[in-house]
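Colleague: Listed below are the residues making up each chain.
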Amino acid sequence: MNIVTPDFGLIFWQVVIFLIVLLLLRSFAWKPILSSLKERESSIEGALRMADQAKLEMQQLQAGNEKLLAEARMERDRILKEATAMSTQLVELAKTRATEEGSRMIAQAREAIQNEKNAALAEVKNTAAQLSIDIAERILRRELTDQPAQQQLVDSYLKEVKLN
Amino acid sequence: MKRLLFALLCLFSLTARASEPVATTADATEAEGFQPGEMILHHIGDSHEWHWFSLGEDHYTTYLPVLAYRAGHGVSAFSSRELAEGKTYDGLKLEHEHLVSEDGAKVYDFSITKNVASLILSAAVLLLVFTAVARGYAKRGTEAPRGIQSFFEPIIVFVRDEVAKKSIGPKYERYMPYLLTVFFFIWFNNLMGLMPGGANLTGNIAVTMTLAIITLLITLFSSNKNYWAHIFATPGVPKALLPIMIPVELIGVFVKPFSLMVRLFANITAGHIVTLSFIALIFIFRNIGVAPVTLAFGLFIFFLELLVAILQAYIFTLLTAMYIGGAVEEHHDADYQMGGGDGATPAQVH
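Those protein sequences? They're chains R and H, same order as listed. The C-terminal residue of the first sequence carries number 164 in our numbering, and the numbering is unbroken. The C-terminal residue of the second sequence carries number 350 in our numbering, and the numbering is unbroken.
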């Protein structure tokens, strides 16, 4: 057999066997292999994409958290400020009220004192007048009897009078 | 660019090796008794029995079935033992390993020759190996590959991504079974041919011709309008040149598979011839001292052949994919084929 002359029998067998191998391998090897490969590649790709997405979501979540935190902080600051303002206002109010009350009470006290004083003074005046009248009456009664004794009497009466 | 380089590489390697056997056959006439040329041709050729080795006068041979059909005589089927050493059986005998009828009638020889036996064996190996790989996928699903599956997966993925996807484009999936089968068929048979006692199947022109014709048929049956437009009205060529261009393009259609056929045949056969020539040198020089040198060279060639085995499988598959790609591509990426466009740098002219 010359090496460059194709041999009819071998061509025949080659066609038959190669086609059988091709068909068998196609349905029993290449198709399942290639589809599994594709499936695996797509599953890996899907997993990678999901990981990316999860990362993104994580970041978003974190950003959201930070925003929430910042908002909460601002809220706290605002509440604190308001509370401080309110408390100072309250203190101010209390102070003014206290001052008012104090001054009102002082004024009342003063008024009362004034009244008392006036009453006392009036009483003193009355008493003094009463005394003067009594003294004058007694003097008048004594005068009728004895001159020196009258003088003496006036002195003693004056001693008795205790102006408080 | 890479592909072009490969194509050049394999052309060079082809011519370099093809020149070898000429020298050895010239040497053959000098040696008496031992005929290296005959020995080599016997080894790379087909035969009706599987001769393993001989010890002195004892031949260790597996006799294979002979199947022949003659018009008017019908089918003859018998063991090739009956034809050993020039014997005649059922009106048939072997003349230079060629089955002839004594009465001169035409013989259609369907014998299970050494190559056919090797072909059946390789078919069985291919089926066993790749159904085992497929079982791995069925068992493990989308998990990481293991064992034999993990050995073949990168190669399958390589053929898919680097050969089919890049050369054929989006329609690659239809052609994957053929590309993978042809790749592993050639590779496995190249390796089996390198084994001691193995047959030179992929170095047989009938086998490479069949593969090339299948590639041609697939190319022609999957060709679209652009493919034929490129042949009968090549874009950018003046009308006056068409009478020259059309025959050139038509010849190109057939030259492509022809080059596939010759490249694989010549590379593998040449590799066998060179290896055998180095071994034959020992007997030509009739000196054991030559043996270390020739064995070293033979070993070198053997390792080279291991590389060539996968390289030729790759080149055959790649070129097949490129021809198919040329036939199915849509208008825009019209200039990839053959010219050495590497996919990354699309089309010039137009």
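Check the hints yourself; a few may be wrong.
Facing chain R, a subset of chain H residues (Cβ under 10 Å, in silico) [what the hints assert, rightly or not]:
(1) 127
(2) 130
(3) 135
(4) 157
(5) 176
(6) 205
(7) 223
(8) 233
(9) 235
Quick caveat, the hints were computed from the structure, so don't treat them as lab data. Virtual Cβ for every residue (Gly too), placed ideally from N, Cα, C.
Colleague: Each hint needs a verdict: does it hold in this structure or not?
Modeller: Hints, verified against the model:
Checking residue 127 of chain H against chain R: minimum C-beta separation of about 6 Å stays under 10 Å; hint holds. For the restraint placing residue 130 of chain H at the interface with chain R, the shortest Cβ-Cβ distance is roughly 4 Å, inside the 10 Å limit, so the hint holds. Hint status for residue 135 of chain H: holds, given a least beta-carbon distance of 9 Å to chain R, under 10 Å. For residue 157 of chain H, the suggested interface contact is upheld, since its CB lies about 7 Å from the closest CB of chain R, less than 10 Å.
Nearest Cβ of chain R to the Cβ of residue 176 of chain H: about 6 Å, under the 10 Å cut. The hint holds. The beta carbon of residue 205 of chain H comes within 5 Å of a beta carbon in chain R, closer than 10 Å, and the hint placing it at the interface holds. The closest approach between the C-beta of residue 223 of chain H and any C-beta of chain R is roughly 20 Å, which is over the 10 Å cut-off, so the hint fails. Because the closest C-beta pair between residue 233 of chain H and chain R is about 35 Å apart, greater than 10 Å, the hint is violated.
With a cut of 10 Å, the hint placing residue 235 of chain H at the interface with chain R is violated, because the nearest CB-to-CB distance is about 35 Å.
In the structure shown, a violation is registered for the earlier hints numbered 7, 8, 9, in ascending order.
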